[in-house]
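Asks: Sequence:
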Amino acid sequence: MRLSRTLSFAMATPFVSSMKTILIMGGSYGGIAASKFLSKELPEGYRVVLLERNSHANHLYVLPRFSVLSSHEYKAFIPYNHIFGPTPGVHRVVHGTATKLERNRVTYTPAAYALANGEIPNATTSGTQTIEFDYLIYALGARLPGPIDFWGAKNVYEKSANLVLEKERIAFNGTKPASISFLQTAQKRLREVESVLVVGGGALGIQFASDLKDLYPQKQITLLHSRMQLLPKFPEKMHDEINQTMHKLNVNLMLGQRLDLKTTLPENAEYDQQGRRVVMTESGKKICADLILLCTGQMPNTDLMRKLAPLAVDEKTGLIKVLRTMQVGLPQAQFTAQGGDNTGEVMTMPHIYAIGDAADAFGAIKAGHTAHWQAEVASKNILASISSQPLTLYEPGPPAIKLTLGLRHYATIMGPEQTITVGDDGKDDLDAPSMWPYVGADFEKDQDL
Numbered sequence: 001m002r003l004s005r006t007l008s009f010a011m012a013t014p015f016v017s018s019m020k021t022i023l024i025m026g027g028s029y030g031g032i033a034a035s036k037f038l039s040k041e042l043p044e045g046y047r048v049v050l051l052e053r054n055s056h057a058n059h060l061y062v063l064p065r066f067s068v069l070s071s072h073e074y075k076a077f078i079p080y081n082h083i084f085g086p087t088p089g090v091h092r093v094v095h096g097t098a099t100k101l102e103r104n105r106v107t108y109t110p111a112a113y114a115l116a117n118g119e120i121p122n123a124t125t126s127g128t129q130t131i132e133f134d135y136l137i138y139a140l141g142a143r144l145p146g147p148i149d150f151w152g153a154k155n156v157y158e159k160s161a162n163l164v165l166e167k168e169r170i171a172f173n174g175t176k177p178a179s180i181s182f183l184q185t186a187q188k189r190l191r192e193v194e195s196v197l198v199v200g201g202g203a204l205g206i207q208f209a210s211d212l213k214d215l216y217p218q219k220q221i222t223l224l225h226s227r228m229q230l231l232p233k234f235p236e237k238m239h240d241e242i243n244q245t246m247h248k249l250n251v252n253l254m255l256g257q258r259l260d261l262k263t264t265l266p267e268n269a270e271y272d273q274q275g276r277r278v279v280m281t282e283s284g285k286k287i288c289a290d291l292i293l294l295c296t297g298q299m300p301n302t303d304l305m306r307k308l309a310p311l312a313v314d315e316k317t318g319l320i321k322v323l324r325t326m327q328v329g330l331p332q333a334q335f336t337a338q339g340g341d342n343t344g345e346v347m348t349m350p351h352i353y354a355i356g357d358a359a360d361a362f363g364a365i366k367a368g369h370t371a372h373w374q375a376e377v378a379s380k381n382i383l384a385s386i387s388s389q390p391l392t393l394y395e396p397g398p399p400a401i402k403l404t405l406g407l408r409h410y411a412t413i414m415g416p417e418q419t420i421t422v423g424d425d426g427k428d429d430l431d432a433p434s435m436w437p438y439v440g441a442d443f444e445k446d447q448d449l
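Okay, so the sequence shown: first residue is 1 according to full-length UniProt numbering, each after it adds one.
One should not assume that every hint holds.
Unchecked claim - FRET-style restraints, in silico, Cβ to Cβ: (1) Lys445 <-> Gln389: 37 to 45 Å; (2) Asp446 <-> Gly297: 30 to 38 Å; (3) Met19 <-> Pro310: 29 to 37 Å.
Note that these hints are calculated values from the structure, not bench results.
Since this is a predicted model, take the numbers as computed values, not measurements.
Glycine included, C-beta positions come from ideal geometry on N, C-alpha and C.
My request is simple: use the sequences and hints to build the entire structure.
Replies: This is the structure:
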C-alpha cells in the first residue's frame, strides 16, 4: 500500500506570497467541507491551504465497527489527493502538526512521511515551517476517546494482566498503514478477551457494546453509563429503542452508575484471580473485565487558540466561543461583531472562525453533519467579508443521528419532529465507500492510495 502523494503534486509550484490565503486547520468533516466550498468559490488572488497531520481523512463513524470487525479497515482512510478537484491549481494540502498560532500566522512541524516523500521543499527533519494567512478556519475538533484515539500516548488494546500482544504494530505516525495497524491490533485483542467493560452511553460506547455482543455472543459485554438515559440529548424514545436492543443482545446494562476513574489508573491497578482488571463505581460496586474501553472524556483541541486568545476559550468546557457568524468571539473587544445576536459577545479577530467539535456552537451536537453546516456558514462569511457583503448567521438544526445497534440493526432520528425509524439491513462496512466522494475521492480508483 502506498501513501498519498498529494503534496508531491500539489507542491510542485512553490507558495505564491502575493496571494491571499485562507488557512483551514484540520482535515476532518468540517475542514473538508470548508476546503471544497472555498476552493470553488474564492475570487482570483485567493487560495486555500488545508493543514492536516494525517496522510488520509479518517472516516470516524466507522472506526468502532472496524475496531471489532476485520477486512474493511482500509475503507476508513480516504486520500486527500482530489479534495480540490483533478487539478488543485493554487490550493494546497500541507501535512503537519500545528504548534503555534498567531494572529496571522501558524507554525507547524511537517509530518515525517511528508518529509520522506519530498513533499515539503527545503524542510528539515528538525525544523518548523510557517504559513501566513488572511483568514483562518479553526477545525481541529477534539481528542478522541482511547478506543479510537490513534494519536494517544498509549494504545489501550496493547496489554492486560494476562495478555501481551506482539509488538509488531507500526508506531503511529499519521499514515494509512499505521492507522490500519491500530484497528487490526484492536480486532485481535477483542477476539481474544472474554469480557469487556464499555464505559459511556454515548454513540461510541453503544456501538462498541452492541457490535461486540452481536459478533461475539459468548463474550460478557457490560455497558456502564452515569445517567439513566442513553443518548440524553435525544428524545427518550431513542433510549427505549437502544435499551430494548441491548436486552435482546444480552448486553449487561448498568445505568445511573458512574465509574470511579481513580480505579482505572495504572498505580491503582487491581486484578482478580482470573487476571481480569477490577474497577469500582463511585457507589462502590465492583466490576471485573479483561478489557476496559473508556468511551468518554472527549476534550476539544483548543490549546492553540487558548494561547493566542485565552478569553476566547471557555474555562469549563474548553470550547471556543463563537458568534452566530462562526467568528471567534471575546468578552472584551475593540468593536462589535457584524451580525451579532445580542449575546454581549464581541470580537477582536474577525478574520478567525471556529467550527466543529472545537466550537461552542449554540447547543449544536458534536457531529460531522453539524461541522459541515458550520463550515458552510464560515466559508460563506469569508466570501462575504472579501466582497463587503452582510454575514450569514448560524442556526443549529435539531439533533440527528443514525446509530448502529449491532451488525444489522440500526435506529435513525432526525427532523423537527424527531421521528425515529429503525432498520435491519445494515452493512458490515457501514457503506464506508459512500463517504469517499465527500473528500473528492473515487473508491474504486483510489483505494490503493
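Asks: Please go over all the hints and tell whether each is borne out by the structure.
Replies: Here is what the structure says about each hint:
1. Lys445 <-> Gln389: 37 to 45 Å: holds (39 Å)
2. Asp446 <-> Gly297: 30 to 38 Å: holds (34 Å)
3. Met19 <-> Pro310: 29 to 37 Å: holds (31 Å)
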